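**Student:** As you go down the protein sequences, you meet chains S and L in turn. Its first residue numbered 3, the first sequence is counted upward by one per residue in our numbering. Its first residue numbered -16, the second sequence is counted upward by one per residue in our numbering.
Misleading hints may appear alongside valid ones.
Footprint (simulated), chain S over chain L, 3 or more residues, beta carbon under 8 Å [said to hold, decoys possible]: (1) 12 to 21; (2) 33 to 44; (3) 108 to 114; (4) 162 to 170.
Pulled a few chain S residues facing chain L out of the computed Cβ check, cut under 8 Å [unchecked claim]: (5) MET44; (6) ARG91; (7) THR95; (8) SER101; (9) ARG105; (10) GLU107; (11) TYR127; (12) LEU141; (13) GLN206; (14) LEU307; (15) LEU310; (16) TYR420; (17) SER506; (18) PRO509; (19) ARG511; (20) ASN512.
Simulated from the structure, these hints should not be mistaken for lab results. A quick note: this is a predicted structure, and the numbers were derived from the prediction, not measured. Note that beta-carbon positions come from the ideal geometry of N, C-alpha and C, so glycine has one too.
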Amino acid sequence: MAKVLIIGSGGAGLVSALSAKESGAEVIVASKTLPTRSQTSMAQGGMNAVLASDDSIESHIADTLRSSAGLGDEARITQMCEKAPEAVRWCNTIGLPFSRNERGEIARRRLGGASAPRACYAQDYTGLKLLHTLFDQCLKAGVEFRNDRFLLNLIVNQETNRVLGATFLHIESGEVEEIRADSVILATGGYGALYGKHSTNSVQATGDGLAAAVRAGVKLADMEFIQFHPTALKSSSILISESARGAGGYLLNGNRERFTDELAPRDVVARAIHEEMSKSGAVYLDIRHLGEKFIDHELPQERKLAKLYEGIDPVHELIPIKPSAHYSMGGIEVNEQCMSSVSGLFAVGECANHKTHGANRLGGNSLLELIVYGRECGKNAAEYGNKYPVPVLDNTQSIKDTNFVRGVMYFTNQIDFYQKQEMLANIFYNNVGLVRDDMGLKAVLGAIRQMQKELSFMGPRDKSKICNTNLVEFIEFGNKIELAEIIVVSAISRVESRGAHYRSDAPERNDRMFGAHTITWKEDGVLCADFIQ
Amino acid sequence: MEIKIKRSHSEEVQTYNVELENVTLLTVLNHIKTKIDSTLTYAHGCRSGVCGSCAVRVNGREQLMCEYKPSEGDTVEPLRNSRVIRDLVVDSSSIERFDRAGLTWREKAKEDTVSAEEMGRIERQSDCILCTSCFSACPVYTVNPDFIGPFALTRVWRYVNDPREENSDAKIAAIQINGIWDCTLCGECVPVCPSGIAPKQDIEMLRMKSAMMGYQDPNGAIAFGGGLDFGGVSF
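Sequences and hints are given; from them, build the entire structure.
**Tutor:** Laid out in structure tokens, this is it:
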């Protein structure tokens, strides 16, 4: 029986766990938090699927392809859209309580960039209810959970380029642990938390899996593409779902006038808001005309969040909003089997780049992607592990990581990493955000290189061995710095504008020079980048 | 503003002075951790009330730190009925343990149309974020540490009451011992739920369903409306 190690317990991790288990594998899910506490719980809008004759799979493919701005892979998008109805039916079978229409069918709503109402939803708690339903199924299937495990590094045999397992910090005990497996799936989520208070993401979305992958020599793709959600609450960056606009919500400028098509793709709407904010100072979301009854039934979470974090009731008042970092399109480059450039190492969900979103993701396609590819990935990883059982090999990774965890306690603490982290978030939002240019990007790169040099003058202040979250946050900061360099180098290299990547010094799309994926990797510690079709 | 936080290394309450107005308790703790005392240990995630990581007790009552706005002199403590790992972080293994005991999952489903009203029956129960506030507030654990308890029983009711579920016999059987009859119906779990769920009501529904299926309270207590005494608790 193959042993499959899944790192990360959000939607993508749990779907692959179920699928690997179904394929007969022994499955371990290791995660830095509890399964129900991951980023997936925050997904609100829905899951795209064509379920009736008022819509067509061809339109779903065309909408996704158009939004991807030349970086979406048509074959994979087709595969995802064709499997979407089955994915939704599967979720229904395992107990996801989808909202229903008046005919008793799974209800669908329209999200931005979609030519028809296509997102199946469970009020505005789609991700939460999906995640909990998946967790329950994992308990039923007997998946083994090892929570409280913070990923340190992948264990890779350099000679054969084969993954052997991974090392973790057991947060509670402070000990470094090694888990070996026949195949490993990274399902560790995106890197939105790099933008700190300018992100809709959980503070946990620090890109740990991607950073570990880079250190192991894995290739990443299109890291400069980060989606900004048009409507986050202005003072806290807490997400107000696209379904608010899908249901008929308006965007108003400082003069209370509408200024854009509210249901254009996210990159277009976010930039329109950005421009309007610099002109008239503020932008609001207006859902007052939808009425209290509708808001309470379809958008209960939005009302609660706006009251709590902005101090306003959207039934009677305008919601002040701003665009915030929301989704990482970039990620680990994977092939059709979801395998990365390291043998036996798979990736799925937001940490992977399945080339289904390209330069800009459509709302409702991320939950869909994690179901479709989660099921593929789990099965493939189990089959791979069966075919090529992992050799028993000595490896020094665990010793190195144990030494690191001990050594980091002696870092000098002359520089406060929390301050640097806040600064990184601010300069990223302002220069690696919605509008970028060469000068700003290079200035940020300089600041990142400086922070890399300063890391050993930072370190955790808390010296406790037991449950040291200060240590965990410091390693997370290190991971952010690792990825920040890659994102900025990719953004500097792409001298054009496409999807979420907009360069004010090169506002046109240039297919001849840049109609390709930005592939990045590290060789002997040196960052390499190339454009590859 | 003065905030008192119970620390685990000293078993004592530590007082922090913070100059912040009209923010959530989580914002206050983040401020303390990043600016004043990086040893202060707590769990958090989404900061918007859906991930269930940041439940604590404030002045003796369960709250999500990301949804609670603190006042002068508030005392913050970890949840009850769980082992404290450090400061406000508690062992959450009870979630897996009691969910497994209650078989809280979909067994076998039929794929039919379901009306919005029927689906609405489990809307509230499926809002659960597993923050375990109800578990912390439950007094039964002082006498029965194996009590399957409020969050898991609400979850059982979610699946039993799901209009798509075909057979829930095993679930009903699984919650007869250390389950629904051990609840005292005191209702402590109801006001502490950040998602507005009433586990007590769900337990009453499960009792009714069990009675219809021929099960009886093994302690001979009245099946519903048992009041505040501990008559329904098995020792």
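**Student:** None of the hints should be skipped; say for each whether it holds.
**Tutor:** Going down the list of hints, with the structure as the test:
1. 12 to 21: Contact hint for the region 12 to 21 of chain L vs chain S: holds, 4 residues under 8 Å.
2. 33 to 44: holds (count 4)
3. 108 to 114: holds (count 5)
4. 162 to 170: n = 0 at 8 Å, threshold three: violated.
5. MET44: Hint on S/MET44: holds, closest Cβ of chain L at ~5 Å, below 8 Å.
6. ARG91: 7 Å, holds
7. THR95: Nearest chain L Cβ about 5 Å off; hint holds.
8. SER101: 7 Å, holds
9. ARG105: Interface hint status for S/ARG105: holds (7 Å vs cutoff 8 Å).
10. GLU107: Holds: closest Cβ of chain L sits about 6 Å from S/GLU107, inside 8 Å.
11. TYR127: 6 Å, holds
12. LEU141: Holds: closest Cβ of chain L sits about 6 Å from S/LEU141, inside 8 Å.
13. GLN206: 5 Å, holds
14. LEU307: 6 Å, holds
15. LEU310: 6 Å, holds
16. TYR420: Where the cut-off is 8 Å and the nearest Cβ of chain L is about 4 Å from S/TYR420, the hint holds.
17. SER506: 32 Å, violated
18. PRO509: 35 Å, violated
19. ARG511: 35 Å, violated
20. ASN512: Cβ of S/ASN512 sits 38 Å from chain L, so the hint is violated.
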